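Could you build all of it, start to finish, from the sequences and the hints given here?
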Amino acid sequence: MVFLKVYFALNDNMNLMADIIINVLISFLFGSILLGFHRKVMARIQLRPGPPIIQHFLHSLKFFFKETAFPKTSSMPFYISIVCILCAIWIAAVIVAPVLKGSLLLIFAIYAVYKIVEHNAGSSSGSPYGKMSCVRAVFSAASELPLFAVIFIIYLQVGSMNISDIITYQNIHGSLILKLPLVAIVLFVLILSKSPYSPFGITKGKDIVSGYETEHFGLLRGYIMLSESISWYIFSWIFLTIFFGDLSILLYVVGMLAIAFLTGLINATTPILNPNHSVMSQISIALIGIAGSLLLMFTF
Amino acid sequence: MRTLVKYGYIILTVSLVFILYCLIFNPASWIVYSVAIVFIPLFILSFGLITMATPKKDEEEDRAREPFIGY
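Chains A and B, in that order, are what the protein sequence lines are. To convert, take the position in the first sequence, counting from 1, and add 4; that gives the working numbering. To convert, take the position in the second sequence, counting from 1, and add 79; that gives the working numbering.
A couple of the hints might just be wrong.
[Stated by the list, open to error] Within a straight-line C-alpha distance of at most 35 Å, the following computed DSBU-like cross-link-like pairs (lysine-lysine) qualify:
id, chain 1, residue 1, chain 2, residue 2
1, A, K119, A, K105
2, B, K85, B, K136
3, A, K70, B, K135
4, B, K135, A, K105
5, B, K85, A, K119
6, A, K76, B, K136
[Unchecked claim] Now the in silico label distances, taken between C-beta atoms and shown as ranges:
id, chain 1, residue 1, chain 2, residue 2, range
7, A, Q50, B, T92, 23 to 33 Å
8, A, H177, B, T92, 29 to 39 Å
9, A, G296, B, N105, 40 to 50 Å
[What the hints assert, rightly or not] Reference listing, derived: stretches of chain B covered by chain A, where coverage requires no fewer than 3 residues with Cβ under 8 Å from a Cβ of chain A:
id, stretch
10, 98 to 107
11, 119 to 132
The set of hints was computed from the structure by calculation and includes no laboratory data. Owing to the predicted nature of the structure, the values given are computational and were not obtained by experimental measurement. Using N, Cα and C, we set each Cβ at its ideal position, and we do this for glycine too.
Following this line, the structure appears as structure tokens:
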């Protein structure tokens, strides 16, 4: 797929739909491999052999063929359509980020919708675990959206929210990670929050089984896993692009593996926080990151 | 369940037609974005509705019964 992308990237007349489909496929395939690698890192740190790296990808496909039934308590057709919406918002993110290199504000909006989808996926199932997760999704939105709000510091530095402008700025002035290290840390905490078994992963904490995914099994679980793979790839891509500029394919791969490794390392050695601690930690990190970045910007 | 599979085939056909239309005729950008955001997820869903295994007739009731009703 990478070779196909390189081939088409050289072709200026590339069909837009083909571009989107190729990017969605790359996001899914590479995102699921990254999540598999993340799980492998966690297992190795905990002295377990762990599943093969390709396991997340195989699971995503396997669930499409598993027996699927829909609980009586679920609110149909919302129960099915919510996973469709989850996939749709991440495809929208693929279009905004790797395809168009568009505005970070749109990614922020997509992330806000994603929190609503998490909330609704939990409430649509009718399970108490799902409902508990749905309440926690609101909690986490209150702390993760401030984390994402640090992008306004990037706007203050670059003068634009467009990813293409941020890339151009870095080509002239050097990587943003050197100018805005605190913003990078805050956005890394956001990525960490979305990683599996994260200390901030309160919506899928083991105390509520699998949270909003508890009653989504079979086909719907495979569909959610597919969307999660795309979202993981997109988060890694955005982080690398806005802090390191437009990298070569090899550097993107190395960077994404490094992010997966670091989050795996942290998750394997950190317990899942309770909702209060998680929210307060995230908000504190966001406030320190924003205030510190502003101080650094206006001091130097 | 059989109805869902039937819907699956219908959605698969419709989404495939729209995606192929965009691939072949390269319409305006906003049409391509709309089709991608709406019909790619529907295409994947319909694929799943067709390929998923369904429970046997007499087991269907047990599968759908929710063991954790209410708080």
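Hints and how they fare:
Between K119 (chain A) and K105 (chain A), the direct Cα distance comes to roughly 23 Å. Compliance with the 35 Å bound is thereby established for this hinted pair. About 17 Å separates the Cα atoms of K85 (chain B) and K136 (chain B), which keeps this hinted pair within 35 Å; it holds. Simply put, K70 (chain A) and K135 (chain B) have alpha-carbon atoms about 13 Å apart, close enough for the 35 Å limit, and the pair holds. A hinted pair counts as satisfied when its Cα atoms are at most 35 Å apart, and K135 (chain B) with K105 (chain A) does not qualify at roughly 48 Å.
For the suggested pair K85 (chain B) and K119 (chain A), the alpha carbons sit about 32 Å apart, so the restraint of at most 35 Å is met. Between K76 (chain A) and K136 (chain B) the alpha-carbon distance is near 16 Å, which keeps this suggested pair within the 35 Å criterion. Between Q50 (chain A) and T92 (chain B) the beta carbon distance is about 47 Å. The supplied range of 23 to 33 Å is therefore violated. For H177 (chain A) and T92 (chain B), the hinted distance range of 29 to 39 Å is not satisfied, since their beta carbons lie about 51 Å from each other.
A C-beta distance of roughly 48 Å is found between G296 (chain A) and N105 (chain B), which places it inside the suggested range of 40 to 50 Å. Coverage of the stretch 98 to 107 of chain B by chain A holds in this model, with 4 residues showing a Cβ closer than 8 Å to a Cβ of that chain against a need of three. With 11 residues having a beta carbon nearer than 8 Å to a beta carbon of chain A, the stretch 119 to 132 of chain B meets the requirement of three or more and the stated coverage holds.
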